[in-house]
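Each protein sequence line maps, in turn, to chains V and A. If you count by this note's numbering, then the first sequence holds residues 1 to 234, one letter each, in order. If you count by this note's numbering, then the second sequence holds residues 1001 to 1114, one letter each, in order.
Be aware that one or more of the hints could be misleading.
[As the list claims (entries may be wrong)] List time: in silico SDA-like cross-link candidates among lysine to any residue, alpha-carbon distance up to 20 angstroms:
(1) Lys204/V to Tyr232/V
(2) Lys1070/A to Asp120/V
(3) Lys135/V to Thr1079/A
(4) Lys204/V to Thr1024/A
(5) Lys204/V to Thr1057/A
(6) Lys1070/A to Val191/V
(7) Lys205/V to Arg1068/A
(8) Lys139/V to Leu1085/A
(9) Lys135/V to Asn1044/A
(10) Lys1045/A to Glu100/V
(11) Lys1070/A to Gly36/V
(12) Lys199/V to Asn1097/A
(13) Lys1048/A to Asp138/V
(14) Lys1070/A to Phe201/V
(15) Lys1070/A to His30/V
(16) Lys139/V to Ile1106/A
(17) Lys205/V to Ser39/V
(18) Lys1022/A to Gln103/V
(19) Lys1048/A to Gln101/V
(20) Lys199/V to Phe1096/A
(21) Lys204/V to Phe1096/A
(22) Lys199/V to Glu1069/A
(23) Lys1086/A to Gln101/V
(24) Lys199/V to Lys1070/A
(25) Lys135/V to Tyr1081/A
(26) Lys199/V to Leu1102/A
(27) Lys139/V to Val1078/A
(28) Lys1077/A to Asp68/V
(29) Lys1070/A to Glu100/V
(30) Lys208/V to Phe1064/A
(31) Lys205/V to His1032/A
(32) Lys135/V to Val33/V
(33) Lys1077/A to Glu67/V
(34) Lys205/V to Tyr1026/A
(35) Lys1070/A to Met69/V
(36) Lys205/V to Asn1067/A
(37) Lys1046/A to Glu100/V
(38) Lys1022/A to Ala106/V
To be clear, the hints were calculated from the coordinates, so they are not data collected in a lab.
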Amino acid sequence: MRLVQIITLFLLIITFGVNADGLVVDKVYHPYVTAGEQSVEWRLLSSETSTKNRLGQRFGYGFSLTEDMTLESYLVAERDENNNFGVQAFETELRWMLTEQGQYWADWGLLLEAEIADVDGGRNYEITAGAMFEKEIDKTSLTVNLFVVQEWGETVPNETELEVRAQYRYRYRSEIQPAIELYTGENFIGVGPAIIGLKRFGGKKQLKWELGFITEVAHDGKDHSLRMALEYEF
Amino acid sequence: MKTLNIFLLVVIFTTFDVKSAKDTFYLYLESHLFYPSELVIPANKKVKLIIENKDSTPEEFDSFDLNREKVIYPGRKVTIYIGPLKPGRYEYFGEFNPNTALGTIIVESDRHVH
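If we strip away everything but chain V, and leave its shape as in the complex, we get (with noise of 0.2 angstroms):
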């Protein structure tokens, strides 16, 4: 586990003095990966303001690379700031599973992403690295992410951004799992239910989805995001 500690002893010196800001509502990451898996994915984000409603969807196709490794990588379109519903962006991200599930007192995995994004006529990118921690106790897991977001390009300011998310899920049954959530950035501080679940169609196929609910809670005013997705395992 000596390599898991060097790394964390890395992200800890390089992030002093990191300020944080942004919506972060998305999707929890789990630090675990399946060996000789191919996925395909779809997510959809929706949020709305007292001013403004946000629309962003994703579509993405990941496979394992290792036993330990995956890749995946999605288009993702946004609606701009004219009503335009378009793609916007391509991201690749790799996770990489740390420790075997149960070993240690917790799981651990590693996040890395980069995107490339047209927004408003200019090109911008951003590089994401993070850890994904998951705690089993009895028949609920306890997963929380923790990524550190730079950005830069034509139409953003060069910035670094901290995002924490947390899922607490209830194993109930593989096709009903209920879950809360929290998705934090320095300005916004959002939490709400969820649902998981997954159904196993035979052989390696199953298909699992998730549904949230969340609510901005750090500020007066409305600021609501549902967010849903369908990921196909095969």
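Got chain V; can you put chain A on it based on the hints?
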């Protein structure tokens, strides 16, 4: 930033391997059947389960009860860590041969485990 630093310190502490003796148990897969089909392990203890695939095709150990999923390639062994669990029956199956590759982990209090 304080939150992040606390979080990262937690990583360091939670990945130290506690040198507690983990009991080790064995399963093997042959002709798409798990042997023994019922395995008794102690309650309230973390145990190490080594599974060997003697078949010529891969299998995936899958259990919602145990919250574990692990591919076992032909001729290879994998290690799965389970528990601490409460007494009870925990079902598992092989995802590629779910009609034959079935088994149960029976968790009993210490005095019943041999």
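Hints versus structure:
1. Lys204/V to Tyr232/V: Holds - the C-alpha atoms of Tyr232/V and Lys204/V are around 10 angstroms apart, at most 20 angstroms.
2. Lys1070/A to Asp120/V: 45 angstroms, violated
3. Lys135/V to Thr1079/A: Distance of about 19 angstroms is within 20 angstroms: holds.
4. Lys204/V to Thr1024/A: 28 angstroms, violated
5. Lys204/V to Thr1057/A: 14 angstroms, holds
6. Lys1070/A to Val191/V: 32 angstroms, violated
7. Lys205/V to Arg1068/A: Answer holds: Lys205/V to Arg1068/A is near 16 angstroms, not above 20 angstroms.
8. Lys139/V to Leu1085/A: Holds. Lys139/V to Leu1085/A sits at ~10 angstroms (cutoff 20 angstroms).
9. Lys135/V to Asn1044/A: 16 angstroms, holds
10. Lys1045/A to Glu100/V: Cα-Cα ~17 angstroms, so holds.
11. Lys1070/A to Gly36/V: 10 angstroms, holds
12. Lys199/V to Asn1097/A: 16 angstroms, holds
13. Lys1048/A to Asp138/V: Distance ~17 angstroms between Lys1048/A and Asp138/V Cα, so the pair holds.
14. Lys1070/A to Phe201/V: Between Lys1070/A and Phe201/V the Cα gap is close to 17 angstroms, so the pair holds against 20 angstroms.
15. Lys1070/A to His30/V: 15 angstroms, holds
16. Lys139/V to Ile1106/A: 17 angstroms, holds
17. Lys205/V to Ser39/V: 9 angstroms, holds
18. Lys1022/A to Gln103/V: The given pair, whose Cα atoms are some 10 angstroms apart, holds under the 20 angstroms limit.
19. Lys1048/A to Gln101/V: With a Cα-Cα distance of about 11 angstroms, the restraint between Lys1048/A and Gln101/V holds, given a limit of 20 angstroms.
20. Lys199/V to Phe1096/A: 15 angstroms, holds
21. Lys204/V to Phe1096/A: Roughly 7 angstroms between the alpha carbons, so the hint for Lys204/V and Phe1096/A holds.
22. Lys199/V to Glu1069/A: 14 angstroms, holds
23. Lys1086/A to Gln101/V: With a Cα-Cα distance of about 18 angstroms, the restraint between Lys1086/A and Gln101/V holds, given a limit of 20 angstroms.
24. Lys199/V to Lys1070/A: 17 angstroms, holds
25. Lys135/V to Tyr1081/A: 13 angstroms, holds
26. Lys199/V to Leu1102/A: It holds: about 18 angstroms lies between the C-alpha atoms, which stays within 20 angstroms.
27. Lys139/V to Val1078/A: This hinted pair is violated, its Cα atoms lying about 24 angstroms apart.
28. Lys1077/A to Asp68/V: 16 angstroms, holds
29. Lys1070/A to Glu100/V: Within the cut-off at roughly 10 angstroms; holds.
30. Lys208/V to Phe1064/A: 14 angstroms, holds
31. Lys205/V to His1032/A: 19 angstroms, holds
32. Lys135/V to Val33/V: 16 angstroms, holds
33. Lys1077/A to Glu67/V: Holds, because 13 angstroms separates the two Cα atoms, which is no more than 20 angstroms.
34. Lys205/V to Tyr1026/A: It is violated: about 28 angstroms lies between the C-alpha atoms, which goes past 20 angstroms.
35. Lys1070/A to Met69/V: Status holds; Cα separation ~14 angstroms.
36. Lys205/V to Asn1067/A: Holds: Lys205/V and Asn1067/A sit about 18 angstroms apart, inside 20 angstroms.
37. Lys1046/A to Glu100/V: Holds, at about 13 angstroms.
38. Lys1022/A to Ala106/V: The hint holds at about 16 angstroms.
In summary, the structure is inconsistent with hints 2, 4, 6, 27 and 34 from the numbered list given earlier, while agreeing with the others.
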